Amino acid sequence: AGEGWGEGTDDVDDIASFEVILWEIEHASERVAQCSGNARDEWEMRKEALVLRKQEIEMNINLGITTQDDYLASLQAAIKTAQSDQLRLGSTPNRLTKWIQLMCQEAGTEPPPAPTAASPAQPPPAQQP
19 AGEGWGEGTD DVDDIASFEV ILWEIEHASE RVAQCSGNAR DEWEMRKEAL VLRKQEIEMN
79 INLGITTQDD YLASLQAAIK TAQSDQLRLG STPNRLTKWI QLMCQEAGTE PPPAPTAASP
139 AQPPPAQQP
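Take the sequence shown: its position 18, counted from the start at 1, is 36 in the working numbering, and no numbers get skipped.
Calculated directly from the structure, the hints in this document are not laboratory data.
Source: prediction; values computed, not measured.
All C-beta atoms in this analysis are idealised placements derived from N, C-alpha and C, irrespective of residue type, glycine included.
Misleading hints may appear alongside valid ones.
Label-pair restraints from in silico Cβ distances [stated by the list, open to error]:
1. Lys98 - Glu76: 21 to 27 Å
2. Asn78 - Pro111: 39 to 45 Å
3. Leu105 - Thr127: 16 to 22 Å
4. Asp31 - Arg106: 16 to 22 Å
5. Thr110 - Glu44: 34 to 40 Å
6. Gln52 - Leu107: 19 to 25 Å
7. Ser54 - Gly82: 26 to 32 Å
8. Ser54 - Asp88: 20 to 26 Å
9. Gln119 - Asn78: 21 to 27 Å
10. Arg58 - Asp88: 23 to 29 Å
11. Gly126 - Ser47: 34 to 40 Å
12. Arg106 - Thr127: 40 to 46 Å
13. Thr115 - Leu90: 16 to 22 Å
Computed list of lysine-lysine pairs in PhoX-like fashion (alpha-carbon distance at most 20 Å, straight line) [stated by the list, open to error]:
14. Lys116 - Lys98
15. Lys116 - Lys65
16. Lys98 - Lys65
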């Protein structure tokens, strides 16, 4: 999608966070101003898609299609997905750390521990009689 873009952040329709959408619109606007030709057109299309996604989220909340609880649950699921994507990408440049930070701020939570490939699930501690 362009220099400095990074992997794992291409699908606008899967962005669950209003704050991530706003941040991405700002980023796309900056890229439109910096690019020319086909790259500029691609960034302009992405920006338009982000604006539509923003309107969709707003409309669903305003019409009561998405409740506050539903929205928070979708943010928590999106945080976990972003963390998994970040783990899968390894050292490939991406902006998922910023996404996770924004979503956690929006949800009013601390970021959950990032999943790691090297850490198997720990069994629960043994209960004392």
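For each hint, the structure was consulted:
1. Restraint check, Lys98 to Glu76: a C-beta distance of roughly 24 Å satisfies the suggested window 21 to 27 Å.
2. For Asn78 paired with Pro111, a C-beta distance near 32 Å fails the hint of 39 to 45 Å.
3. Between Leu105 and Thr127 the beta carbons are some 19 Å apart, a value that agrees with the proposed interval 16 to 22 Å.
4. Between Asp31 and Arg106, the C-beta spacing of about 20 Å keeps the proposed range 16 to 22 Å intact.
5. About 23 Å separates the C-beta atoms of Thr110 and Glu44, a value inconsistent with the hinted range of 34 to 40 Å.
6. Hint check: Gln52 to Leu107, Cβ distance near 24 Å, so the stated range 19 to 25 Å holds.
7. In this structure the supplied range 26 to 32 Å is violated for Ser54 paired with Gly82, their Cβ-Cβ distance being about 43 Å.
8. For the pair Ser54 and Asp88, the supplied restraint of 20 to 26 Å is violated, since their beta-carbon distance comes to about 41 Å.
9. Look at Gln119 against Asn78: about 24 Å separates their beta carbons, and that is inside 21 to 27 Å.
10. The hinted window of 23 to 29 Å between Arg58 and Asp88 is violated, with their beta carbons roughly 37 Å apart.
11. Take Gly126 and Ser47: their Cβ atoms lie about 27 Å apart, and the range 34 to 40 Å is violated.
12. As the Cβ distance of Arg106 to Thr127 is approximately 23 Å, the hint placing it in 40 to 46 Å is violated.
13. Here the CB-CB span from Thr115 to Leu90 is close to 21 Å, well matched to the stated 16 to 22 Å.
14. About 14 Å separates the Cα atoms of Lys116 and Lys98, which keeps this hinted pair within 20 Å; it holds.
15. Under the criterion of a C-alpha separation no larger than 20 Å, the hint pairing Lys116 with Lys65 is consistent with the structure, at around 18 Å.
16. Distance restraint check for Lys98 and Lys65: the Cα-Cα separation of roughly 25 Å exceeds the 20 Å cut-off, and the hinted pair is therefore not satisfied.
Figure legend: structure checked against the earlier numbered hints; hints not met, in rising order: 2, 5, 7, 8, 10, 11, 12, 16.
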